[in-house]
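Protein chains: 2
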Amino acid sequence: MKIDLIISADYIKDKIIEGKTVVVIDILRATSVIITALNNGCNEVIPVLTVEEAFELSKHSRKDYILGGEREALKIEGFDFSNSPLDYNKEVVEGKTVILTTSNGTRAIKGCSSAKSIYIGAMINAKYVAKRIIEEGRDVVFVNSGTKGQFSMDDFICAGYMINYILNESSAEVSDIAKTADYVYKNNKDIYSFVKDATHYDILKSLELNKDLEYCIKKDIIKIVPEYKDGLIK
Amino acid sequence: MKIDLIISADYIKDKIIEGKTVVVIDILRATSVIITALNNGCNEVIPVLTVEEAFELSKHSRKDYILGGEREALKIEGFDFSNSPLDYNKEVVEGKTVILTTSNGTRAIKGCSSAKSIYIGAMINAKYVAKRIIEEGRDVVFVNSGTKGQFSMDDFICAGYMINYILNESSAEVSDIAKTADYVYKNNKDIYSFVKDATHYDILKSLELNKDLEYCIKKDIIKIVPEYKDGLIK
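Residue numbers (the numbering used here), protein chains in the order written: chain A, 328 to 561; chain B, 328 to 561.
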């Protein structure tokens, strides 16, 4: 098995991901939202790139949909929720379809269409993603969504945790960037000591989203591994 | 001052480097060669992308030129030297022009033409590069050459050392990837403990280039800061 890593949505290249297993990571907060919503019983999540698409998709049966997402980390006008995973509880999402549009995560997911399979990962389901990768035994590329097209420390350490788990359970050929993610995780197993310096963490903190931050860096509290296929995440 | 970092020659984008100070780093071994040759008294280094260009440039006065470089880490047929900095000693290079073509480093240098100034950095002159950046006080982007277009741990920690030096002497706004390089350096100040796991380090070791590796990870043994301008490095 080979393990590689792409540092942000801006750097996704088909030649690197084609035919491989991809894990898209955006712990602050798109993939944390997706995993939480599906775990709380929503039927599916549809990632879309634009606000217009979200309204268009839901217009004939608005009550069956939850519209979620953000621009500049804030709720979009006319949407039900922003990008806070804590909003997507059972009472709200059960039996509904969530349509999600975010600045980084949904763009990364849509950019990976040439991969063989696309899993949705975050700290909250990291161990279970890693187990799935080991079971499959295929080459894997961790795609960090990043922030505004740039490398983001929070996504990097999350990939590092999954890589570290895989390397403890099996052997693999690991690229230098994936080794570095593993290195960062090994030296910051509490996660917080590293992500506290991340630019994105600072932005969310300044918006008083501390509860989101605490939740998003918890390890392995959800066992599901969502997969994106034919436009839907289930 | 803002500090950013590009992880490999494949990821250079004009919008990131335009008008800024750029430091190109390829410690194994192109920038280590350039710094060493200039320090040993060569007139200038001309980086070129192809073997043909090297022969063309030198054809009218072959004795005034040293042709150096590598493909797959090995010497090119008809060239004087490969990419080993230890070959570029005073007896050989003094008063000559070195024409250099390498897989990663020369490509990175040529790719940065939209920058305001382009300095050549490696471990062997790192502190003096950092001092120059501080003196100028302009936004800086460290451009790691990488290996075959991919992130390389050896270049990353070298940038980390320079960033660390700058942050100890002045304040700056630092991107997440640059913070991570600084983090890696702070935890591996001996350099070897980190680069020993680098893929490129392994390749050179398998070619019995241990002396090159030892030399290239030495800190601050050369005080010059070469600059690339109008096709020449002086």
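If you're looking for bench data, these hints aren't it; they were derived computationally from the structure.
Warning: the hint list may mix true and false statements.
Pairs involving identical chains hold if they fit within one copy or between any two copies, as the list cannot separate such chains.
BS3-like cross-link-like pairs, simulated, lysine-lysine; straight-line CA separation at most 27 Å [what the hints assert, rightly or not]:
1) Lys-390 with Lys-475
2) Lys-390 with Lys-513
3) Lys-546 with Lys-390
4) Lys-329 with Lys-556
5) Lys-347 with Lys-386
6) Lys-513 with Lys-532
7) Lys-523 with Lys-513
8) Lys-386 with Lys-329
Results of checking the hints against the structure:
no.	hint	in the structure
1	Lys-390 with Lys-475	neither (32 Å within a copy, 51 Å between copies)
2	Lys-390 with Lys-513	neither (45 Å within a copy, 53 Å between copies)
3	Lys-546 with Lys-390	neither (33 Å within a copy, 64 Å between copies)
4	Lys-329 with Lys-556	within (23 Å within a copy, 40 Å between copies)
5	Lys-347 with Lys-386	neither (35 Å within a copy, 47 Å between copies)
6	Lys-513 with Lys-532	both (25 Å within a copy, 26 Å between copies)
7	Lys-523 with Lys-513	both (16 Å within a copy, 17 Å between copies)
8	Lys-386 with Lys-329	neither (44 Å within a copy, 45 Å between copies)
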